[in-house]
Amino acid sequence: MKILTLIRQVPDAEARVRLSGNTIDLDGTTVVMDGMDEYGVEEALRLRESGAGVDEIIALAVGPKRNEDALRTALAMGADRAVHVETDERLDAVSLSKVVAELAKTENAELILVGGQEADWDSQALGAATAERLGWPQLTWTNELKLEGDKLTGRHDVDEGNESFEATLPAVVTTQQGLNEPRYPTLPNIMKAKKKELRKDDLASYDAASKVKFIGAEIQTRARMNKIIDGKDPQAAAAQLIDLLRNEAKVIK
Amino acid sequence: MILIVAEHADGKLAKATLEMVTAARGTGREGPITILVLGQNVAGVASEAAAVADQVLVADSASLAQYSAETWAAAVAQIAQEGEAHTVITPGSRSGREYAPRVAVKLDAPYLEDVISLSSSGAGLQAQRYTYLARVTETVEAQGAVTVISAKPGSFAPAAPAAAAGEQYDVDLDLPQSRVTITGKSMEKSSRVALSEADVIVTGGRGVGNAENFSKFVEPLADNLGAGVGATRAVVDAGWRPYAEQVGQTGKTVQPKAYIALGVSGAVQHLSGMGKSKFIVAINKDAEAPIFKVADYGIVGDVNEIVPALIEASKR
Numbered sequence: 141m142k143i144l145t146l147i148r149q150v151p152d153a154e155a156r157v158r159l160s161g162n163t164i165d166l167d168g169t170t171v172v173m174d175g176m177d178e179y180g181v182e183e184a185l186r187l188r189e190s191g192a193g194v195d196e197i198i199a200l201a202v203g204p205k206r207n208e209d210a211l212r213t214a215l216a217m218g219a220d221r222a223v224h225v226e227t228d229e230r231l232d233a234v235s236l237s238k239v240v241a242e243l244a245k246t247e248n249a250e251l252i253l254v255g256g257q258e259a260d261w262d263s264q265a266l267g268a269a270t271a272e273r274l275g276w277p278q279l280t281w282t283n284e285l286k287l288e289g290d291k292l293t294g295r296h297d298v299d300e301g302n303e304s305f306e307a308t309l310p311a312v313v314t315t316q317q318g319l320n321e322p323r324y325p326t327l328p329n330i331m332k333a334k335k336k337e338l339r340k341d342d343l344a345s346y347d348a349a350s351k352v353k354f355i356g357a358e359i360q361t362r363a364r365m366n367k368i369i370d371g372k373d374p375q376a377a378a379a380q381l382i383d384l385l386r387n388e389a390k391v392i393k
Numbered sequence: 004m005i006l007i008v009a010e011h012a013d014g015k016l017a018k019a020t021l022e023m024v025t026a027a028r029g030t031g032r033e034g035p036i037t038i039l040v041l042g043q044n045v046a047g048v049a050s051e052a053a054a055v056a057d058q059v060l061v062a063d064s065a066s067l068a069q070y071s072a073e074t075w076a077a078a079v080a081q082i083a084q085e086g087e088a089h090t091v092i093t094p095g096s097r098s099g100r101e102y103a104p105r106v107a108v109k110l111d112a113p114y115l116e117d118v119i120s121l122s123s124s125g126a127g128l129q130a131q132r133y134t135y136l137a138r139v140t141e142t143v144e145a146q147g148a149v150t151v152i153s154a155k156p157g158s159f160a161p162a163a164p165a166a167a168a169g170e171q172y173d174v175d176l177d178l179p180q181s182r183v184t185i186t187g188k189s190m191e192k193s194s195r196v197a198l199s200e201a202d203v204i205v206t207g208g209r210g211v212g213n214a215e216n217f218s219k220f221v222e223p224l225a226d227n228l229g230a231g232v233g234a235t236r237a238v239v240d241a242g243w244r245p246y247a248e249q250v251g252q253t254g255k256t257v258q259p260k261a262y263i264a265l266g267v268s269g270a271v272q273h274l275s276g277m278g279k280s281k282f283i284v285a286i287n288k289d290a291e292a293p294i295f296k297v298a299d300y301g302i303v304g305d306v307n308e309i310v311p312a313l314i315e316a317s318k319r
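Respectively, the protein sequence lines represent chains A and B. Here the numbering used here runs 140 ahead of the position in the first sequence, where the first position is 1. Here the numbering used here runs 3 ahead of the position in the second sequence, where the first position is 1.
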């Protein structure tokens, strides 16, 4: 059984996001493998280590050249090989799912792991759209996963709480915090990763044009009042705050 | 027609459904506003929906008792095709954002996800949505005859009832069996107002100290203010509060009138879940905490001293 794990490269959470014209400019910004995708890579490794019949773990990224770094990180964590569909074109999640589904078919993957909501496009659509294109079921926001034979069991979050589930492969699983603690690549593994296969692929062969046109972006920082009260006298500070909330903001009664 | 998929729970229509009606009216697109109600024993929900829509389609069946992305996507796509919907709007809840992409693939339509505004453009629909952990507002445009949309909760005003109640029609659907079996459920029901519907939210972070302090400080303050209780990821990870209360990238996104953050430092992942609140109040003993940068009102002080005083002051 092969696992395909999807990787996006996003700005580090603490990095400043800058605009150039009306588009996001990531030049000079620290970029990392998306945290939620990292849980996916780690989970693939853990499924293999748990004795599930995992023959191969393939890391896939679709995006600009710098994505190679994120793929090398996945390889250093323990993925077996990587595929990089290199493109500077901006695809929406539903259009991108076409590439992922095609690759899953040609690679004969039976399980796809992808982050639940990545930190660049704030979208939850990639896993679901990929599952639909393949005609597979999906488990989103998963925080516990087991694989025995072709049977998946686990737990995932839903609107108001969580559910335990059972499903049979093939399936798409979206990953998140709580699923595991991703490992750090060790130096020997980073060295080994340099020799692992990182195959380049061409977006043109996938017929995946974006259906959503990007018009512009703005960094909107809403002006906040920043009225800061000294809390040395708790009673006075509390009374002042309640007064502001009642009479100035008018948000409480 | 514009097809809206109703969100409902416990036999009641959720506010999100009324918000979607406003979103639909704002598109300026022609055709009746149609609400699709999926579930079992949903007659009450359907008549609530009829008050705001031109028509309501009701699929009431045992096979819809349990939500499933595959089943919901098939139902919505089937109705959209038969009714020749040009616009399909789903809630921006976890479930809505789970089946909407499948609908988009089935209809070969563009998908505008978690939108905060909608307007018609020459060729299609334009929408705004947040990206980069809600630090950026993007404008995107969907081109094509059919568009699938999910509407971010709290972004559109709830619609007022229409002049006349819409007609209700029962529909029969040919639904696939979900290939996911749900073997257990743990619904974290709170007696307090749900975070998605709350006007005021009181959230505790690490600075609250421990789980007991939540019952001692955070909950009484929330009760005095008629507020919902929220928690940060660190607090949920520590097991002090249930996941259902978590606000942030991996939890809920909220947009109340007032967000009161107690002992919350303000990591970017947390801000992405609450940064759009109308008023933000921060109480933290660390004057350098990033939360103060986004606060309208703040008190630099110890939560354990300030909150009891707030509980007293809010009684009057």
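Warning: the hint list may mix true and false statements.
Okay, derived cross-link-like pairs now, DSS-like style, lysine-lysine, Cα gap no bigger than 30 Å in a straight line [to be verified]:
#, chain 1, residue 1, chain 2, residue 2
1, A, Lys238, A, Lys142
2, A, Lys353, B, Lys109
3, A, Lys205, A, Lys335
4, A, Lys393, B, Lys288
5, A, Lys372, B, Lys281
Residues on chain B that point at chain A, a partial pick, calculated with CB under 7 Å [what the hints assert, rightly or not]:
#, residue
6, Arg97
7, Val108
8, Arg182
9, Gly304
No lab work stands behind these hints: they were computed from the structure. Cβ coordinates follow ideal geometry from the N, Cα and C atoms, glycine included.
Each hint tested on the structure:
no., hint, result
1, Lys238/A x Lys142/A, "holds (19 Å)"
2, Lys353/A x Lys109/B, "holds (20 Å)"
3, Lys205/A x Lys335/A, "holds (18 Å)"
4, Lys393/A x Lys288/B, "holds (27 Å)"
5, Lys372/A x Lys281/B, "holds (27 Å)"
6, Arg97, "holds (5 Å)"
7, Val108, "holds (4 Å)"
8, Arg182, "holds (4 Å)"
9, Gly304, "holds (2 Å)"
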